[in-house]
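Asks: Chains as they are written, first to last, in the numbering used here: chain A, 24 to 170; chain B, 24 to 170; chain C, 24 to 170; chain D, 24 to 170.
Treat each hint with caution, since some may be false.
Claimed, not checked - Just the calculated beta-carbon pair ranges, DEER-fashion: (1) D:R35 x B:T30: 16 to 26 Å; (2) D:D149 x C:T54: 38 to 48 Å; (3) A:T26 x C:V52: 49 to 59 Å; (4) A:E32 x D:E32: 29 to 39 Å; (5) D:A46 x C:E56: 14 to 24 Å; (6) C:H39 x A:P163: 48 to 58 Å; (7) D:R57 x B:R63: 27 to 37 Å; (8) A:P49 x D:R35: 49 to 59 Å; (9) A:A47 x C:E56: 41 to 51 Å; (10) C:V53 x A:T26: 29 to 39 Å; (11) D:A47 x C:P163: 31 to 41 Å; (12) A:P163 x B:E147: 23 to 33 Å; (13) D:Q36 x B:E40: 54 to 64 Å.
To be clear, the hints were calculated from the coordinates, so they are not data collected in a lab.
Glycine included, every Cβ here is placed at the ideal spot set by N, Cα and C.
4 protein chains.
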Amino acid sequence: MTTSRVTEEAFRQVLHEGMPSGAAMPFEVVTLERGHVVLRLPTGMDDLRPGGTVAGPVLFALADLAVYAAVMTSLGPMPLAVTTDATIHFLRRPRAGFLVARARLLKEGRRLVVGEVSIANEGEDDSPVAHAVMTYSVPPDRATASP
Amino acid sequence: MTTSRVTEEAFRQVLHEGMPSGAAMPFEVVTLERGHVVLRLPTGMDDLRPGGTVAGPVLFALADLAVYAAVMTSLGPMPLAVTTDATIHFLRRPRAGFLVARARLLKEGRRLVVGEVSIANEGEDDSPVAHAVMTYSVPPDRATASP
Amino acid sequence: MTTSRVTEEAFRQVLHEGMPSGAAMPFEVVTLERGHVVLRLPTGMDDLRPGGTVAGPVLFALADLAVYAAVMTSLGPMPLAVTTDATIHFLRRPRAGFLVARARLLKEGRRLVVGEVSIANEGEDDSPVAHAVMTYSVPPDRATASP
Amino acid sequence: MTTSRVTEEAFRQVLHEGMPSGAAMPFEVVTLERGHVVLRLPTGMDDLRPGGTVAGPVLFALADLAVYAAVMTSLGPMPLAVTTDATIHFLRRPRAGFLVARARLLKEGRRLVVGEVSIANEGEDDSPVAHAVMTYSVPPDRATASP
Chain A
24 MTTSRVTEEA FRQVLHEGMP SGAAMPFEVV TLERGHVVLR LPTGMDDLRP
74 GGTVAGPVLF ALADLAVYAA VMTSLGPMPL AVTTDATIHF LRRPRAGFLV
124 ARARLLKEGR RLVVGEVSIA NEGEDDSPVA HAVMTYSVPP DRATASP
Chain B
24 MTTSRVTEEA FRQVLHEGMP SGAAMPFEVV TLERGHVVLR LPTGMDDLRP
74 GGTVAGPVLF ALADLAVYAA VMTSLGPMPL AVTTDATIHF LRRPRAGFLV
124 ARARLLKEGR RLVVGEVSIA NEGEDDSPVA HAVMTYSVPP DRATASP
Chain C
24 MTTSRVTEEA FRQVLHEGMP SGAAMPFEVV TLERGHVVLR LPTGMDDLRP
74 GGTVAGPVLF ALADLAVYAA VMTSLGPMPL AVTTDATIHF LRRPRAGFLV
124 ARARLLKEGR RLVVGEVSIA NEGEDDSPVA HAVMTYSVPP DRATASP
Chain D
24 MTTSRVTEEA FRQVLHEGMP SGAAMPFEVV TLERGHVVLR LPTGMDDLRP
74 GGTVAGPVLF ALADLAVYAA VMTSLGPMPL AVTTDATIHF LRRPRAGFLV
124 ARARLLKEGR RLVVGEVSIA NEGEDDSPVA HAVMTYSVPP DRATASP
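Sequences are here, hints too, so could you generate the full structure?
Replies: Below, the structure is given as structure tokens:
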């Protein structure tokens, strides 16, 4: 079954509560299916390192946001889910312009959800600029957190 | 030998060129010795998640900054060094207030430098809020980058 | 272009020189294309933890072997390539029987090659038991190592 | 408090049940304190790669073993604890001879325990050959598993 358990509207609402730094990012939701999320982010001058490349913490924040969304497509709105571990590989220098993050879940456990995400400049999926694997811990009281 | 190959002034200058997002962080340099760096960062409202905890990307950016500094204590000013991989474990919910990041180098290779960093609320070193291991790649033309 | 730069025979020869522990594993090569490798491994009693599950170090060794092969499909025979970092997530308890490891390269750099690999019980690709991301460092004298 | 909640004898007993591959390794226990473990392992011909260096999976298995022991110094005997994620950096080529693994816990949570471990050739602690961070998941029924 591929129906997301969170709508874009509900996800954006959760972000304001659970990840304000994510809510502040000017992203678009391209895909929101169960276990599979695609986000699109314009990058601007503030995100750049010299040479027009995007700063690592911006890529980390985008990866984190995409996996957070993927977790909710599986579990429903869950503001209190927290990242427990994250590994990111920076593969190429990103250029300014749109970045596309494609996240999918590797495991949907009762306590831990693991996802991977690949980030590329738009139209260049075969040459990702970053790849991350992240684990989210599901709060014990998840039932009450999902209205 | 423990003499740093970069001064605080030179490090801050490199940040403006090589990591503007780091230059914008209001950190203090507590220790800057060869292979060993301690930074102190006040956190404010913008960095917080609900409950007064600090957002993951802020912790990632602080960890990255501390290891970047540690790399330069060993190699000298090197704006073009880039992170190739980073693994961060989020261990406890940080509270608002001062965070202290302690970085040390595990390997000072010709091509790769590996460091680890532990971040704790000030005065609580035994209960770190995050721990990261990061690899920096040294540009092939490092000689010319280190005046 | 998808032609592997290493044949199965040459890969097995390199293993004897460069990774004897891999050469000792009774694996089959299912796919050996440029940047894409599939290996199949029977597991036996020696590899098992209680409950019939496969030990973590065996999964690590299989992941390492598959990415090592993928590196060579891109760069040609290279016994001296070494793993610099590896992150593995153990996702489900594997069962005894055949394990299938699918590796693909994320980056083919001059100095660093990054690959990811997913391991599943045969026929259960959608429920991987482990996922790893690994970096291999290419020796500076790679040209002479590739006859 | 630094008293280990597991004795060496109890730890070796748990290994037979919970990690037979670890039980088969000819290690000595040097230190077994709460949250802090030191193991010593001779390496032999079977573990070597060409040039006399130790194979990556052997280092991974030793790191895993040391953190597993550290988990038990905190939680008591717990054969069913499982690794959920592991990141290892290979820093230098180990030489044959004794390897010393020093593990310490970064977090002792109710559900997740995180540890780090540094492995060096004996007498060369300042030049580690490998460094790993690992998370162990504590089974929900831990109380019953700890007599």
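Asks: Evaluate each hint against the coordinates.
Replies: Hints versus structure:
1. Between D:R35 and B:T30 the C-beta distance comes to about 52 Å, which lies outside the given range of 16 to 26 Å.
2. Range check, D:D149 to C:T54: Cβ separation about 44 Å, and the 38 to 48 Å hint holds.
3. Separation of A:T26 from C:V52 is about 39 Å and departs from the stated range, judged on CB atoms against 49 to 59 Å.
4. A:E32 and D:E32 have their C-beta atoms about 59 Å apart, which leaves the hinted 29 to 39 Å range violated.
5. Take D:A46 and C:E56: their Cβ atoms lie about 40 Å apart, and the range 14 to 24 Å is violated.
6. Checked against the hint of 48 to 58 Å, the pair C:H39 and A:P163 passes, with Cβ atoms roughly 51 Å apart.
7. Range check, D:R57 to B:R63: about 30 Å between beta-carbon atoms, so the 27 to 37 Å window is met.
8. For the pair A:P49 and D:R35, the supplied restraint of 49 to 59 Å holds, since their beta-carbon distance comes to about 57 Å.
9. Between A:A47 and C:E56 the beta carbon distance is about 43 Å. The supplied range of 41 to 51 Å therefore holds.
10. Distance hint for C:V53 and A:T26: a CB-CB separation of about 34 Å, consistent with the stated range 29 to 39 Å.
11. Taken as a hint, the range 31 to 41 Å holds for the pair D:A47 and C:P163, whose Cβ atoms sit roughly 37 Å apart.
12. Under the hint 23 to 33 Å, the C-beta atoms of A:P163 and B:E147, about 24 Å apart, fit the expected range.
13. Hint check: D:Q36 to B:E40, Cβ distance near 58 Å, so the stated range 54 to 64 Å holds.
Violated hints for the displayed structure, listed by number in ascending order: 1, 3, 4, 5.
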